[in-house]
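**Q** Each protein sequence line maps, in turn, to chains A and B. Throughout the first sequence, residue numbering follows our numbering, covering 9 to 118 in sequence. Throughout the second sequence, residue numbering follows our numbering, covering 48 to 158 in sequence.
Honestly, I wouldn't trust all of these hints.
[Claimed, not checked] Simulated restraints, written as ranges between beta carbons of each label pair:
| # | chain 1 | residue 1 | chain 2 | residue 2 | range |
| --- | --- | --- | --- | --- | --- |
| 1 | A | Val23 | B | Gln56 | 40 to 46 Å |
| 2 | B | Ser77 | A | Asn71 | 16 to 22 Å |
| 3 | A | Phe104 | B | Gln56 | 28 to 34 Å |
| 4 | B | Glu64 | A | Phe104 | 34 to 40 Å |
| 5 | A | Leu91 | B | Glu64 | 28 to 34 Å |
| 6 | A | Trp15 | B | Thr109 | 36 to 42 Å |
[Claimed, not checked] Quick look at which bits of chain A chain B covers, simulated, 3 or more residues with Cβ under 8 Å:
| # | segment |
| --- | --- |
| 7 | 19-32 |
| 8 | 82-95 |
[Claimed, not checked] Sample of chain B residues facing chain A (criterion: CB under 8 Å; computed from the structure):
| # | residue |
| --- | --- |
| 9 | Gln80 |
| 10 | Pro90 |
| 11 | Phe92 |
| 12 | Ser99 |
| 13 | His122 |
| 14 | Ser141 |
| 15 | Gly144 |
| 16 | Gly151 |
| 17 | Gln155 |
| 18 | Pro158 |
Simulated from the structure, these hints should not be mistaken for laboratory data. Each residue gets a CB set at the ideal place from its N, CA and C atoms; glycine is no exception.
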Amino acid sequence: SQTIHQWPATLVQPVGSPLSLECTVEGTSNPNLYWYRQAAGRGLQLLFYSVGIGQISSEVPQNLSASRPQDRQFILSSKKLLLSDSGFYLCAWSVFETQYFGPGTRLLVL
Amino acid sequence: GQQVMQIPQYQHVQEGEDFTTYCNSSTTLSNIQWYKQRPGGHPVFLIQLVKSGEVKKQKRLTFQFGEAKKNSSLHITATQTTDVGTYFCAEGSSNTGKLIFGQGTTLQVKP
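Let's have the full structure, built from the sequences with the hints guiding it.
**A** Next up, the structure:
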């Protein structure tokens, strides 16, 4: 069966520090991969999606970037975090139209 | 761009009461998916509707897709405290797998 992992689970970072969040999927090949951000009590904002290795589409201009170095690995990065980058970051995968979400990373930027 | 509007934003009910959340679009939806996010958790897929007028049931949950494929609803009969969470509708793209999410309805159930 397919599983999706995200780490770390929680992270507290100072403003201006770099960020690297990792997402890996097991049990499926060539999935579509997604990064979402969810502010407290709010909806899901799609940040990036990828249909294959090295293929990244950005949905909103921002302080973040994404990379897909391997088929089942998706990384979210920032060179310098802003206060507004705080939130709940969710990775998801899909093969057809249904998406399956990872457990998420809670990021607090102070 | 395409938007999916979801109402209400919040709903407080007494345990045993029914609950409904509605999803509307100004354009025809290719499909509609429903997800549930428990407090502190991640969204979990519940169901997908594709056909005009489709109705699907999962125990106390009833999902409907409008005849014109521009709206959908999720109805919970006799809510329980385990129903607490935020319910999202979303339209899926068959090309990219991208989902356009509604804003979600957060359900609170008083025991």
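**Q** Work down the list of hints and note, for each, if the structure agrees.
**A** Do the hints match the structure? See the list:
1. A:Val23 to B:Gln56: 40 to 46 Å: At roughly 31 Å between Cβ atoms, Gln56 of chain B and Val23 of chain A fall outside 40 to 46 Å, so the hint is violated.
2. B:Ser77 to A:Asn71: 16 to 22 Å: Violated: the Cβ-Cβ distance is about 32 Å, outside 16 to 22 Å.
3. A:Phe104 to B:Gln56: 28 to 34 Å: holds, 30 Å
4. B:Glu64 to A:Phe104: 34 to 40 Å: holds, 36 Å
5. A:Leu91 to B:Glu64: 28 to 34 Å: Cβ of Leu91 of chain A to Cβ of Glu64 of chain B: about 40 Å, so the range 28 to 34 Å is violated.
6. A:Trp15 to B:Thr109: 36 to 42 Å: holds, 38 Å
7. 19-32: Since 0 is below three, the answer is violated.
8. 82-95: violated (count 0)
9. Gln80: Given a least distance of 7 Å, the restraint on Gln80 of chain B holds.
10. Pro90: holds, 5 Å
11. Phe92: Given a least distance of 5 Å, the restraint on Phe92 of chain B holds.
12. Ser99: Where the cut-off is 8 Å and the nearest Cβ of chain A is about 17 Å from Ser99 of chain B, the hint is violated.
13. His122: violated, 21 Å
14. Ser141: holds, 6 Å
15. Gly144: For Gly144 of chain B, the interface hint holds, since the closest Cβ of chain A sits about 4 Å away, which is under 8 Å.
16. Gly151: holds, 5 Å
17. Gln155: violated, 12 Å
18. Pro158: violated, 22 Å
Violation of the numbered hints given earlier is confined to hints 1, 2, 5, 7, 8, 12, 13, 17, 18; the remaining hints are satisfied by the structure.
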